[in-house]
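Engineer: Given next are the chains, with one letter for each unit.
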Amino acid sequence: MYSRKTTINNQTGLHARPASDFVKCASQFKSKITIKNVDDDETVSAKSIILILSLSLSKGMKVEITAEGEDEVKAVDTLVALIDSKFGE
Amino acid sequence: MIHHGNPVSKGIAAGPVFLYQPFAAAVSEALLEESAVSEALNKYENARKNAESELKAIRARLETSDPEKAKIFSAHIDILFDEAMDCDIRELIECDRYSPDRAIDEVFEKYARILGKSPDPLIKERASDIRDVKTRLIRVWNGVAEKNLSSLPAPAVIVVHDLLPSDTATLDRKNVLAIVTEIGGSTSHSAIIARSYGIPAILGVENATTHFAQGETVIADALTGQVISNPTQEQLADCDERRSRFLAQQAQINSYMEKEAVTPDGVRVDIELNLASVSKQSLEGAKCTDGVGLFRTEFLYMGRDTLPTEEEQFEIYREVLTKFGDRPVTLRTLDIGGDKKLDCLNLPHEENPFLGNRALRLCFERPDIFRTQLRAAYRASVYGNLWIMFPMVASMDDIRRAKQVAAEVKTELTKEGIAFSPDVKLGIMIEIPSIALLADFAAKEVDFASIGTNDLCQYTMAVDRLNPAVSEYYQSYNPALFRLIHIAAKSFIDNGKPVCVCGELGGDRLGAAVLMGLGVRKLSMSISSVAQTRKLVNELEMKKAVEIAAKVLDLSTAQEVEKYLNEALKDILL
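Chains as they are written, first to last, in full-length UniProt numbering: chain A, 1 to 89; chain B, 1 to 574.
It is possible that some hints are incorrect.
[As the list claims (entries may be wrong)] Straight-line distance between alpha carbons at most 20 Å, and here's what the computed SDA-like set of lysine to any residue pairs gives:
hint: 1; chain 1: B; residue 1: 323; chain 2: A; residue 2: 89
hint: 2; chain 1: A; residue 1: 59; chain 2: B; residue 2: 315
hint: 3; chain 1: A; residue 1: 24; chain 2: B; residue 2: 59
hint: 4; chain 1: A; residue 1: 59; chain 2: B; residue 2: 344
hint: 5; chain 1: A; residue 1: 62; chain 2: A; residue 2: 34
hint: 6; chain 1: B; residue 1: 56; chain 2: A; residue 2: 21
Hints in this document: simulated from the structure, not taken from any laboratory.
Isolated chain B (complex conformation) (with noise of 0.2 Å):
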């Protein structure tokens, strides 16, 4: 039998299914009789004694080799002693002569409540942590054991509805196999730490606690989404081979995370990354990219209803400069338009979005908008490499105007004696199929260009890439858009300007390939792409990369390209 869910994190492991049902509170209804208050209220204090030295031993376990997990439990400290809850409870137990665990559930989950409603995504996740500590505080005050996945006593498959904050905290990782629950999505706290640990999950299986059996041997395949109970002994000889293969994959591609990308033939090529927000987490790919490639701006826009103040983007932009140091930043400014909602901007709806009044062409209109991101930028210049560049450029026209008001804001600048870099590169996004055309004369006014090639493929199909009923119209391997690519990269190259790929295709072993071999030196992704990408720069030499492109510009179709791609690359591929 074959249970289907989404996997994300990926990995393959057989094994005995550990179905972990965490400790369900379940409250007494009954009332409080008048004389037993006192010792009730003294039981609850009790209780979250008890909890308090529940959290603080797991905090202290976890101090020295988890740190980030072990503030987890000082956050929950943090909800036991809540002073708001605190007397909302003790009322309930005075007034209304509830009993204690009663009280605490009835409370506990009327503040989860109120911070579910938070249209911050990280403020909702807090929610789940008040209802973990609920937990904890209902079995203690039970006398119920703690039961977790702290110690599993072997090597087992999980099975569970969802796992809260602390089972994950806590997670015996040498003895979890895999992980498979009933509920999560790829951004779940469970699918995020299962990544993090590299066990492989699938989540969503439907009822997966009441399907699968305590002890009963099972597959998780994190590789296809399936999870198989009573397998074959062929399946399970299948399931070993590709876990072992998996693993020396994984083990081989992460080993060149950090290795200089150089052909066998000598070429360097710079693994950029793409940066679509600013955390601590976001920033770790400083350690393994040769700069930022592209630095989108539009999370400093969304979910908020004022505009980015200069001072605010100012603070982020020098975050990140000084992060990279010398190697370059390339931010991109605002590219946004009618297709997505910001609450900060009153876009009018639009037919046609993709074309419509977007990017640059609001900026045009927008100039408050405009001018206060550009003088952000020149302001934090000073930290660091930067490199700013405009999207959805079309025309000649575009590029002179846009140039005309860094020229004005930098003019501003120096009058109000604020300083700035002398150094700061110009560049465009080629993503209009007429700018790529033009591209010889965009290379004579400008420092550099990156090609979006997601944006590029869209407009050169005249496919919207966010229709699914033209999907298979979207064709990225299609050689109109290498051409296209080898027209734009060669200009640039040709007035020694540099050419950066920053779109999917750079991250994509196939496309990476003829990239290089059309002479793009600078690729930028997502870090998920970089080891993989690295591999294969160190493979693939850059004689067979130009035979590789010249050939793509030679066929026709976008299958006979993709089929050419992987024979011509089978041995680097495996």
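With the rest of the complex left out, here is chain A (with noise of 0.2 Å):
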């Protein structure tokens, strides 16, 4: 099992089409992948954009980012880099 952390910092949040991006790019991996809002502990599938839009990730907010499988390093890594560079804003 492998997790990072990271901000969201782009203006829409995880809304909308950064949602889309991130479950496509989650979906190529393997391994189970989950995605939690830091501050309340509440976590779901990284694969399932209705889970994420449940969780109104807005700029600013913290995130956990796990994976649990045999490409677990690079799924985690490469979505938190996709977080990371604001979904090309």
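Please dock the two separately framed chains into a single complex, following the hints provided.
Structural biologist: Okay, here's the thing in structure tokens:
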């Protein structure tokens, strides 16, 4: 199991296109991946657009991404990099 | 027979009813035999593929004509293949032996409920997208062909319980005369779509789908909110006449949307925008306005547990300033008090919040909030033409204190080596009678003023504008209000300082005529009033506006003023 924390920094947060891009990226990996809202500990699957939307992750919020499986390190690093890239904003 | 509803998109039309009954998903309660499970899973997979083809076909059709709507269907494809829902559905089929349609129904509903509980209205709205995809998937599972409103055989009045997002996105615009629904308010999906298409819509007509029969002729009057069944010949003729008149008026008013506001005798009036939030849509107003006369910043503080950071505010102010370029953006500092609850600010309950610790007073008490906002604003000032405006100013002391804080913030930024524009103007809202009476002094200490007529009326007439029991005492046309505006405006004009009106009165044609006559050359309003105000300015001679204003100052009651204005402007108001 491997996990890392980061902060959502793009203007729209994890909504709309960024949320969709995030899920598409997560779905390429074999590992089981979750995303957690660090402030209230709520954790959902990183491969579900609906559950991610339900977290209402907006700019400035801290998240933790955790993966378990053969490509866990690559999965977490790629997703953290995607969030840190501000989704090309 | 007349049925009543809420007219959310203005217009009127008569025509045959098209009763639209979307596919109603009835699911099979019977459990699967163990041997049928793998076939059921295959069928479920096929249904998803077929639903995806439908969605892709709709998306392809919209991609060129309406790319914004095409996005709705991309989102629907994402929902259709949501991994968490897929897992839950498969589990119900494999372990609990649910028939796939029942599994789909339960799981999609569960997720729709999760999103429906979100405090964020945008996410909440997505619940209707999940239900929309659910209906599609179960329909496809049942092998029923798609039924929608994308091609109607002839022009019709659509009568429906409620419109789904996919129904409205593919709506056959040229054949939909009007929309009548049983549920929905003025901010619902149906209302927003109807307004953006200019289709008359009456929502919330109880039991509409049982009152009206397929094909019967009705009049959908979204000017008054009535739906008339079995109309008489006279009613139909009247409807025709009102429809032509309405359409002609609309076309005429809209033709003024981007026309410069100059009176026939050559006086220019700036038409500015009241901005209460920042989105792609609200910033569209930049196309047809001469600046932002009132940028309300309260939205930054609402619906959140923490105060907005300097960085966050800076980004948003920068976006607005950049969008408007050289045109002024008048940012009003936080205007909030005990009548509004803010999760990020624990404000005590007050007996008399409108006279309480609000706006500038609260900012003086909480310099952390005030300074953060001013720092963000000054930092953003290098991106455009920033004017900063203080609300709830009652005395010269308030003005001096606010200016002092602004000066300190500037010194601080200079020390830190952070750039800001040297041309930022500082001004005040005139919404308290005391400062209107002292405007000659105020005009010497600030760069501009903006008259907030809603609060000025409330404080002048001593009427709580949120209390319906006293609404008749809230008189926007009371001559006392015009006399105060006259005093305030004249003081600023005499000192060569700009004065704007940003309350409702500025976007009201009767009010705007008087304000022009009183010397006001900047009117700020919501986007919906822009075209009609530009038209008024283009048709009203300044000479006449001055006469009208003089006369109004000489009347004694609100009724007299309103009657006089309707009479004096009757040729223009037509």
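Engineer: Now tell me if each hint is right for this structure.
Structural biologist: Verification of the hints:
Our distance criterion of 20 Å between C-alpha atoms is met by residue 323/B and residue 89/A, whose separation comes to about 17 Å. For the hint linking residue 59/A to residue 315/B, the alpha-carbon distance of about 12 Å falls within 20 Å, and the restraint holds. About 19 Å separates the Cα atoms of residue 24/A and residue 59/B, which keeps this hinted pair within 20 Å; it holds. Between residue 59/A and residue 344/B the CA atoms are separated by roughly 16 Å; this keeps the pair inside 20 Å, and the hint holds.
Annotation: proposed proximity of residue 62/A to residue 34/A holds, straight-line Cα distance about 14 Å (limit 20 Å). The straight-line distance between the Cα atoms of residue 56/B and residue 21/A is roughly 18 Å, inside the 20 Å bound, and the hint therefore holds.
Figure legend: structure checked against the earlier numbered hints; every hint is met.
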